[in-house]
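Protein chains: 2
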Amino acid sequence: MTVKVFGHKNPDTDTITSAIVAAIIERELGKEATAYRLGDLNKETEYALNYFNVETPELLDSVNSDDEVMLVDHNEFQQSADGIDKATIISVIDHHRVANFETNAPLYFRAEPVGCTATILNKICKENNVTVTKEMAGLMMSAIISDTLLLKSPTTTTEDEEALHELATIADVNYDHYGLEMLKAGASTKDKSTQALITGDAKTFEMGDNSVRIAQVNVVDLNELFERKEEIVDEIKKESDREKYDLFILVVTDILASDSRVIAIGENNKVIERAFDVALDDNEALLTGVVSRKKQVVPNIEKAFQSLYE
Amino acid sequence: MTVKVFGHKNPDTDTITSAIVAAIIERELGKEATAYRLGDLNKETEYALNYFNVETPELLDSVNSDDEVMLVDHNEFQQSADGIDKATIISVIDHHRVANFETNAPLYFRAEPVGCTATILNKICKENNVTVTKEMAGLMMSAIISDTLLLKSPTTTTEDEEALHELATIADVNYDHYGLEMLKAGASTKDKSTQALITGDAKTFEMGDNSVRIAQVNVVDLNELFERKEEIVDEIKKESDREKYDLFILVVTDILASDSRVIAIGENNKVIERAFDVALDDNEALLTGVVSRKKQVVPNIEKAFQSLYE
Numbered sequence: 001m002t003v004k005v006f007g008h009k010n011p012d013t014d015t016i017t018s019a020i021v022a023a024i025i026e027r028e029l030g031k032e033a034t035a036y037r038l039g040d041l042n043k044e045t046e047y048a049l050n051y052f053n054v055e056t057p058e059l060l061d062s063v064n065s066d067d068e069v070m071l072v073d074h075n076e077f078q079q080s081a082d083g084i085d086k087a088t089i090i091s092v093i094d095h096h097r098v099a100n101f102e103t104n105a106p107l108y109f110r111a112e113p114v115g116c117t118a119t120i121l122n123k124i125c126k127e128n129n130v131t132v133t134k135e136m137a138g139l140m141m142s143a144i145i146s147d148t149l150l151l152k153s154p155t156t157t158t159e160d161e162e163a164l165h166e167l168a169t170i171a172d173v174n175y176d177h178y179g180l181e182m183l184k185a186g187a188s189t190k191d192k193s194t195q196a197l198i199t200g201d202a203k204t205f206e207m208g209d210n211s212v213r214i215a216q217v218n219v220v221d222l223n224e225l226f227e228r229k230e231e232i233v234d235e236i237k238k239e240s241d242r243e244k245y246d247l248f249i250l251v252v253t254d255i256l257a258s259d260s261r262v263i264a265i266g267e268n269n270k271v272i273e274r275a276f277d278v279a280l281d282d283n284e285a286l287l288t289g290v291v292s293r294k295k296q297v298v299p300n301i302e303k304a305f306q307s308l309y310e
Numbered sequence: 001m002t003v004k005v006f007g008h009k010n011p012d013t014d015t016i017t018s019a020i021v022a023a024i025i026e027r028e029l030g031k032e033a034t035a036y037r038l039g040d041l042n043k044e045t046e047y048a049l050n051y052f053n054v055e056t057p058e059l060l061d062s063v064n065s066d067d068e069v070m071l072v073d074h075n076e077f078q079q080s081a082d083g084i085d086k087a088t089i090i091s092v093i094d095h096h097r098v099a100n101f102e103t104n105a106p107l108y109f110r111a112e113p114v115g116c117t118a119t120i121l122n123k124i125c126k127e128n129n130v131t132v133t134k135e136m137a138g139l140m141m142s143a144i145i146s147d148t149l150l151l152k153s154p155t156t157t158t159e160d161e162e163a164l165h166e167l168a169t170i171a172d173v174n175y176d177h178y179g180l181e182m183l184k185a186g187a188s189t190k191d192k193s194t195q196a197l198i199t200g201d202a203k204t205f206e207m208g209d210n211s212v213r214i215a216q217v218n219v220v221d222l223n224e225l226f227e228r229k230e231e232i233v234d235e236i237k238k239e240s241d242r243e244k245y246d247l248f249i250l251v252v253t254d255i256l257a258s259d260s261r262v263i264a265i266g267e268n269n270k271v272i273e274r275a276f277d278v279a280l281d282d283n284e285a286l287l288t289g290v291v292s293r294k295k296q297v298v299p300n301i302e303k304a305f306q307s308l309y310e
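Heads up: the sequence lines are chains A and B, in that order. Position 225 of the first sequence, counted from 1, bears residue number 225 in full-length UniProt numbering, the numbering being contiguous throughout. Position 196 of the second sequence, counted from 1, bears residue number 196 in full-length UniProt numbering, the numbering being contiguous throughout.
Just chain A, with the same shape it has in the complex:
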């Protein structure tokens, strides 16, 4: 039986390329493994797969009790395939907090506080004497560039930086030039529907009793997106009604300036003010120096919620 390898819903570049690379590693180690995706590719990931001439993994709708699965770049069940609580999880490779995750039996679970799943996969290749091909290097390199915004995000660790240099050498690519082109490919919002903007890279977090949806969009031009604010807010309200989110936060990150402007919709959206010491103006605030959902947005909001309930 083949192990199904996949990343989170609303796939980004790290989730897709890590699934592909992790499946290759498993096969190199003599196991049957196939990479899947849980949704459509974004433009950035398309650019990366095209550049390195790699096929898009097949779409996976759900898993069931017959499936053996390996999760990459996520562990929280609500971000995973439908039916994940029924499947046998044999392995997890991740770089996020651990939560809403549970198995019946022991498994291989490896999370490290680095900027990117690919950085861990690069280590796993070394530990198991798996040769990193040009293609694998290109994919892992793309993931690190994406997750660390070309090493500028505060999530970046020395390990990510070293891995990127190493992989760029193997892939034989100027990572600065390639990286900017890849990020730009994903950062144009003109041809994206409002629905796509708020669902493209969105994750749900349970904080206290609140279901908090946090979407992130990378842009090179904040104005291009905020000209559409009214329709975006309408769409967020509809989406929140439909999915019963208590709070919806859209984080619009300017990848050149390394700042984010957020729109926060929900009864308790004041939590943003407490979390970042800012004032909301028409449900909107500039978060100077904030670019990382994982390292900056999620923990600050979580702490703010906790202090609200104390």
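Please note that a few of the clues may not be correct.
It does not matter which identical chain is meant; a pair holds if it fits inside one copy or across any two.
[Said to hold, decoys possible] Derived SDA-like pairs: lysine to any residue, alpha-carbon spacing no greater than 20 Å straight-line:
#1 LYS295 to LEU256
#2 LYS86 to TYR309
#3 LYS123 to TYR108
#4 LYS126 to TYR108
#5 LYS126 to GLU159
#6 LYS303 to THR103
#7 LYS86 to GLN306
#8 LYS86 to ASN100
#9 LYS86 to LEU308
#10 LYS190 to ASN223
#11 LYS86 to ASN300
#12 LYS134 to ASP172
#13 LYS295 to GLU68
#14 LYS295 to ALA87
#15 LYS295 to THR103
#16 LYS43 to LEU222
#17 LYS303 to ASP67
#18 LYS123 to GLU112
#19 LYS203 to GLU102
#20 LYS203 to ASN104
#21 LYS123 to LEU29
These are computed hints drawn from the structure, not numbers from a lab.
Given the coordinates of chain A, work out where chain B should sit on it, guided by the hints.
Just chain B now, with coordinates in the frame of chain A:
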């Protein structure tokens, strides 16, 4: 600030020695770390620490929001220090299922499906070029012997076996002879109070809506213990009332024959019959070939509970 390193409540040999060894590794890597214990040592662990002339770690009552902690040999919060949900967990090294565990931030989390935490620690030493001293080798060796019942438990993997051989060489000890003496030191039930028997190595598992307490006692003579069955059952009933367990299972493992005799007390104790295809006689059944709580008892009971509710 020193990182507090500890294993689970009701400490066993792997939990105590892994805390000691993990703290040594952290210090070798330039961090401040101190090993603690969450309860009294059992006779087996006392034997091991005495033999290798290692000091008993200090008792830790609880942790709080100022603490940075590292968990070894467990991850489920109900098995950990009181207040664990407030502390900052920076690292976990474990070989159990993952459940009832949650952090706000990314961390180093490493679980592998091997027989013993010490087997993973031995790998971590190699990965980080930390020299394994005679003392560390003796401690890790004792943990592997304890958790795998001298390599006879079905939880034993090739990695545990190889690690044991390697460590015994460094410790310069005949592991078969030492191991049997160490196991016997922990296996006499004569001088143990009934209370100690049912709480000494006990863990709570949430299964569906049930709080299931599973205690394990290793013996070399089943009769010695079952002569006291009546008082044991009384004590279990009192303990279950007090702690609101829905089911209490005492697994008495004959470490020489590699079988277990269980006593199951609780309204739904018939789950044992479904889990192991046996008939309970006076709340008691022999589970042939069953020696591992983690690999055999817990997953089978969990599955049986799931099928009951389907």
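Consistency of the hints with the structure:
Within a single copy, LYS295 and LEU256 get their C-alpha atoms as close as 19 Å, which meets the 20 Å cut-off; across copies the closest is 51 Å, which misses it. In this homomeric assembly, LYS86 and TYR309 come within 20 Å of each other (Cα to Cα) only across copies, at 14 Å, whereas the closest approach inside a single copy is 33 Å. In the homo-oligomer, the alpha carbons of LYS123 and TYR108 lie at most 20 Å apart both inside one protomer (15 Å) and across protomers (14 Å), since each shortest distance falls under that limit. Taking the shortest Cα distances, LYS126 and TYR108 sit within 20 Å of each other both inside one copy (17 Å) and across copies (19 Å).
For a Cα distance limit of 20 Å, the shortest separation of LYS126 from GLU159 qualifies both inside one copy, at 14 Å, and across copies, at 18 Å. Only between protomers do LYS303 and THR103 lie at most 20 Å apart by alpha-carbon distance; the minimum there is 12 Å, versus 27 Å within a single protomer. In this assembly of identical chains, LYS86 and GLN306 lie within 20 Å of each other by CA distance solely across copies; the values are 11 Å between and 31 Å within a copy. With identical chains, the CA atoms of LYS86 and ASN100 are at most 20 Å apart both within one copy (14 Å) and between copies (17 Å).
Taking the shortest alpha-carbon separations for LYS86 and LEU308, only the inter-copy value of 15 Å comes in at or below 20 Å, while the best intra-copy value is 35 Å. Taking the shortest Cα distances, LYS190 and ASN223 sit within 20 Å of each other inside one copy (11 Å), while across copies they are farther apart (78 Å). Taking the shortest Cα distances, LYS86 and ASN300 sit within 20 Å of each other only across copies (15 Å), while inside one copy they are farther apart (32 Å). Proximity of LYS134 to ASP172 under the C-alpha cut-off of 20 Å is restricted to the intra-copy arrangement: shortest distance 8 Å within a copy versus 46 Å between copies.
Proximity of LYS295 to GLU68 under the C-alpha cut-off of 20 Å is restricted to the inter-copy arrangement: shortest distance 18 Å between copies versus 31 Å within a copy. In this assembly of identical chains, LYS295 and ALA87 lie within 20 Å of each other by CA distance solely across copies; the values are 18 Å between and 29 Å within a copy. With identical chains, the CA atoms of LYS295 and THR103 are at most 20 Å apart between copies only, with a shortest distance of 13 Å across copies and 26 Å within one. For the homomeric pair LYS43 and LEU222, the shortest alpha-carbon distance inside one copy (18 Å) is at most 20 Å, but the shortest distance between copies (66 Å) is not.
In the homo-oligomer, the alpha carbons of LYS303 and ASP67 lie at most 20 Å apart only across protomers (16 Å), although the nearest pairing inside one protomer, at 37 Å, exceeds that limit. For a Cα distance limit of 20 Å, the shortest separation of LYS123 from GLU112 qualifies both inside one copy, at 11 Å, and across copies, at 16 Å. In this assembly of identical chains, the alpha carbons of LYS203 and GLU102 lie at most 20 Å apart whether taken from the same copy (19 Å) or from different copies (17 Å). Taking identical chains as interchangeable, the C-alpha atoms of LYS203 and ASN104 lie at most 20 Å apart only when they sit on different chains, with a minimum of 15 Å there against 25 Å within one chain.
In this homomeric assembly, LYS123 and LEU29 come within 20 Å of each other (Cα to Cα) both inside a single copy, at 15 Å, and across copies, at 19 Å.
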